[in-house]
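For the protein sequence lines, the chains are A and B, in the order given.
First residue of the first sequence? That's 564 in the working numbering, and the numbers climb one at a time after it.
First residue of the second sequence? That's 21 in the working numbering, and the numbers climb one at a time after it.
By construction, these hints were calculated from the structure, which means they are not laboratory data.
Take these hints with a grain of salt, some might be off.
Label-pair ranges, simulated between beta-carbon atoms [said to hold, decoys possible]: (1) 220/B / 658/A: 30 to 36 Å; (2) 748/A / 54/B: 24 to 30 Å; (3) 601/A / 144/B: 39 to 45 Å; (4) 134/B / 601/A: 37 to 43 Å; (5) 601/A / 157/B: 44 to 50 Å; (6) 761/A / 102/B: 49 to 55 Å.
Calculated cross-link-like contacts (lysine to aspartate or glutamate; reagent style EDC-like; alpha-carbon spacing at most 16 Å) [what the hints assert, rightly or not]: (7) 233/B / 207/B; (8) 95/B / 569/A; (9) 233/B / 92/B; (10) 164/B / 184/B; (11) 95/B / 823/A; (12) 53/B / 184/B.
Reference excerpt, derived from the structure (chain A facing chain B, CB under 8 Å, subset only) [said to hold, decoys possible]: (13) 569; (14) 580; (15) 581; (16) 591; (17) 668; (18) 776; (19) 777; (20) 787; (21) 828.
What you are looking at is a predicted structure, and each value in this text was computed from that prediction instead of being measured.
Using N, Cα and C, we set each Cβ at its ideal position, and we do this for glycine too.
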Amino acid sequence: MSGPAEGAYAVSPRRVGAMMLRYWYLLRSSWPRLLDLTYWPTVQMITWGFLQYYIANNAGFFARAGGTFIGAMLLWDILFRGQLGYSISFLEEMWSRNIGNLMMSPLRPIELILALMAMSVVRLAVGAVPVSFLAIGFFGFNLYGLGLALVAFFFNLMLTGWAIGIFVSGLILRNGMGAENFAWSIMFLFMPLTCVYYPVTTLPVWLQPVAWALPPTYVFEGMRELLIHHAFRGDLMIDALALNAALFAAGVFGFLRLLESARRNGALIQTGE
Amino acid sequence: MGAMPGPPPIAVERLVKIYKTVPAVDGISFSLKAGSITGLLGGNGAGKTTTIATIMGLITPTSGRVTVLGAEMPKQRYRVLQRMNFESPYVEVPMRLTVRQNMIVFGRLYGVEDLGRRIAELGRQLDLTDLLDRPTGRLSAGQKTRVSLAKALINSPEVLLLDEPTASLDPDTADWVRAHLERYCRERQATLLLASHNMAEVERLCGRVIIMKRGRIEDDDTPAKLLARYGRRTLEEVFLDVARGGGIQSEAAQ
């Protein structure tokens, strides 16, 4: 009885597009949802921007490390929003009690994953792009000045966000809405360990291998290298990509196993708490 | 020489579903003929929803075999999910989307050709034309039920599974829904399995009734034969006999 169903990996762009359309309809029907996409990144950007401004005027080192904090904040937001954007679109199905309709339709789980990934990019674009322009206006920090490095940072952070989002969706499918809190809070577990605002060497020696096992650590270290020493460390990005490939595969595998378990346990028809 | 008959639209063989240690379905078997309407009756916890969810491939059986249009569920579900559909009070269509948007999304998921025409057709048939551009969440309970039914019919399914399709509807709307289902199955030669607590509904629609209790099939026959066998005038009385363990009243009627 176990193992994937026949044709489970036959991806149809039409079905993926249908799901993206569903989320787009939802997004544009609700101004609070749209506002929510920009509200928190804006608050974060302003808070960290002022902190950066204060420190830059009081410490010689940070004066040289121009934009480190605000850059870290914007990149952290890509990671956080990548995961949250994925998870919220998924949660919309749970909140609206539509997941049963989808699971009994020809939609493949892998197609649902692809649609949710694509929508997390759309949601991030709606939320983060205006904020990145505000950062230029308020603090003179141009995220796009990072150039091609930004593409490498973005892709690696999104991959991590998706991997975590996919796995958390599986947890919610299997365990019901009682697991919803993971969607909101799991990324904060990564915040101290991935060294968003400080170098890995700040951590105790015994904890540093844990940090280096997490792909975003390489991105944040790479960003500091770029902003402080003006050097793009391609090796860090390749290491991050390799770790991300493993993490993403583990996330998808975990989701499919949890979905199969939900099918065995009847969790798909009891999607409440 | 006549054509070989195809596989039954739904065949359930010795189906068992145990949640941890609790048996929800305990070794049931039945098969349905193409174009038939069958009622699945039983009290709460009798195993109706588990049976329907297993037929849809939403639950993996502990043992036994379920096939739909010849495909084994859930292993081969993607062969046939496009040709079946369902409605249940346990699921809803997204409330923030308009009726038309929901129909577009589900129509594309099911690969419906000429979707605009199909939506217009369902709008006419289910009296939804004036509601197509309204958010589903702002409709009355009866209108929402018609939207759920439209979603269930969007792909003109050959196999339709309905769990309490007229629950919470006023008698007029419920009667209207029954008439539509009857017409749809007749015209499309679709097979309908209907779980319901509404005995009048089952009597009116179903050519066959399967009565479940504690995960097992207690009886399985046409409504007329069940009434005769139990010596009762209504299916509700038969249901109460089975539910309360009263058993068969009229042995002679067998």
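Here is what the structure says about each hint:
no.	hint	result
1	220/B / 658/A: 30 to 36 Å	holds, 35 Å
2	748/A / 54/B: 24 to 30 Å	violated, 52 Å
3	601/A / 144/B: 39 to 45 Å	holds, 42 Å
4	134/B / 601/A: 37 to 43 Å	holds, 40 Å
5	601/A / 157/B: 44 to 50 Å	violated, 25 Å
6	761/A / 102/B: 49 to 55 Å	holds, 53 Å
7	233/B / 207/B	violated, 33 Å
8	95/B / 569/A	holds, 6 Å
9	233/B / 92/B	violated, 25 Å
10	164/B / 184/B	holds, 14 Å
11	95/B / 823/A	holds, 11 Å
12	53/B / 184/B	violated, 21 Å
13	569	holds, 5 Å
14	580	holds, 7 Å
15	581	holds, 4 Å
16	591	violated, 10 Å
17	668	holds, 5 Å
18	776	violated, 35 Å
19	777	violated, 35 Å
20	787	violated, 42 Å
21	828	holds, 7 Å
When held up to the earlier numbered hints, the structure conflicts with 2, 5, 7, 9, 12, 16, 18, 19 and 20 and fits the remainder.
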